[in-house]
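Engineer: Sequence:
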Amino acid sequence: MDKASIIGCLEEIAVLLELKGENPFKFRAYENGARALETLEENFETLIDEKRLTDVSGIGAALAEKIETLYKTGKLDYYDKLKASVPAGVLEMLEVPGLGAKKVRVFYEKLKITSLEELKEACEAGKIAELPGFGAKSQDNILSGINHLEAYRKRYMWATVEPQVEAVLTGLRALPEVELAECAGSFRRKLETVGDLDFLVASEAPEPVMDWFTRMPEVEKVTGHGTTKSSVRLEGGLQMDLRVVPKAQFFFALHHFTGSKEHNVKMRQRALSQGFSLSEWGVKAVHEDHPAPIQEVDSEEELFQLFGLHYIPPELREGVGEVDYASHDALPKLVKPEDIRGVFHNHTTASDGKNTLEAMVAEAERLGFEYLGIADHSKSSFQANGLSEEKLLEQLKAIRKLNASKQYKTHVFAGVECDILKDGSLDYEDAVLEELDYVVASVHNALTLDEAAMTRRIIRALEHPCTTMLGHLSGRLLLKREAYTVNIPKVIDAAIANKKIIELNASPKRLDMDWRYWHKAADRGLLCSINPDAHSIEQLKNYRYGVYCARKGWLQKCSVFNARPLKEVSAFLRG
DNA sequence: GCCGTTTTCGGCCCGACTGTTTTCAGTCG
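First residue of the first sequence? That's 893 in the numbering used here, and the numbers climb one at a time after it.
In case anyone wonders, no lab produced these hints; they're calculated from the structure.
Some clues are possibly wrong.
Said to hold, decoys possible - 27 Å max Cα-Cα, derived BS3-like pairs, lysine-lysine:
| id | residue 1 | residue 2 |
| --- | --- | --- |
| 1 | K1372 | K1382 |
| 2 | K995 | K1082 |
| 3 | K1283 | K1314 |
The structure displayed is predicted, hence computed values, not measured ones.
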């Protein structure tokens, strides 16, 4: 069984134990174990082979043994028995907002309800309201929750919600009662997809702020309306929460609601180790004989300083070691959007782009790029109007001519997004590829190869002397299409060994290679190219989303190929 | 079930909100 499935299995064990009313710390240990595997920086297989699973913080003897059994046999008696003891439909009831393990257990034990369907019927028949501890209101909320489950489950691409966030922030900041306003949560951490939006306001007069928020024209339903917290659901299902706090608490709350949960746990543990308890409300002394000094902060920087930490940018707050790094002043100086000097992997009307070569270069110049790489599709990508050898060489000529004319300040590199064929060979003869300045090699077909074959295929393309960089490594389309099965660590190894670049495709629906792999890979010398994969002049600006993910991947300017000046880039491409 | 320059037991983050109660449990973030 692979790592992802094992993580899923541990998570399910945790839920099942919770449903059975087990010791909360026991099921939390399974959750912690699953998370430890998820954020593993070392190779999972190596850890198992060398029997070093228990070296991972959060995995002890019992979990290590279960993980090993799952890995080797794909089965686990403990899990099978546990699963058999709880009807399958009980789990899906947990998805309803407001329902947790305890309540679901009551439905199951008192009313023998074992599915969402039956729960809905019970609500409609008024049976839930009769249960002790429940009433008409709970019953209504459960029913409404079931009916809106689809909307609650939905996630959104970061870029999709960005304009809505800007609009709400602008509206909030325009209110006279609002001193400060931010959007916290996964949006602020620049996670590739977000589930809901958490707004935070500093104000001494919350009521008018709450009124404005709950009366926004896009609001479909107000699901909570208090003096410190309100929740709304917009048309289309997007959830937004707003919290209002006094200014003195704002930065504690901002830090808390920016999260992640894992980051907050680490921060609280650090605070406790220094005798303080940290929360969204501020910081308190744990022991009364050791009173805390007045702890007010005017920024998040000051908050981190209270605990001897350097400022941790929101993108890094995923609980993957950033607190330790911050305590040793060892955090990376993250790459910034303005560091980007040009972009590779862009399309024109020659293949499936919307704008001509000239229009793309003109826009690149307007954006201040020193260089622009054109990489249209290769001949096998029929669906994308891939270029024949003749057309490709024609475009190459046009690019050389454009550069010679000095019509634009932006230098144009002639490249191609070359299909990696099923056997790992490239889509043109070497003689053609050698004419170009660079080659982005990407997989576009035969996406269902098994992991070994797909990994071999991509590594073979990386070993080709003409390949400059690997395009969208996993092929995922966020919220739409899963990544194809490929052993990413092995591909990274091959890229490093062959001195090839891996792209961070900045299209908001790709963001591929995933930010979770970059930190370790870049430490080992892997170069990144942040490419917008632009199919129009508007999409050239999408490189920004790639920079955000690069920052989540701890990347510094020195690891980003297209943060280098033209001269260095040209020298690299000439080899 | 995990963890430990307070290490083999006794902790494990914590507080608001909701709906139900009449002092609180469950859920959530």
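Engineer: Could you run down the list of hints and mark each one as holding or not?
Structural biologist: Comparing the hints with the structure gives:
no.: 1; hint: K1372 x K1382; verdict: 25 Å, holds
no.: 2; hint: K995 x K1082; verdict: 34 Å, violated
no.: 3; hint: K1283 x K1314; verdict: 23 Å, holds
Hint violations for this structure: number 2 only, all remaining hints satisfied.
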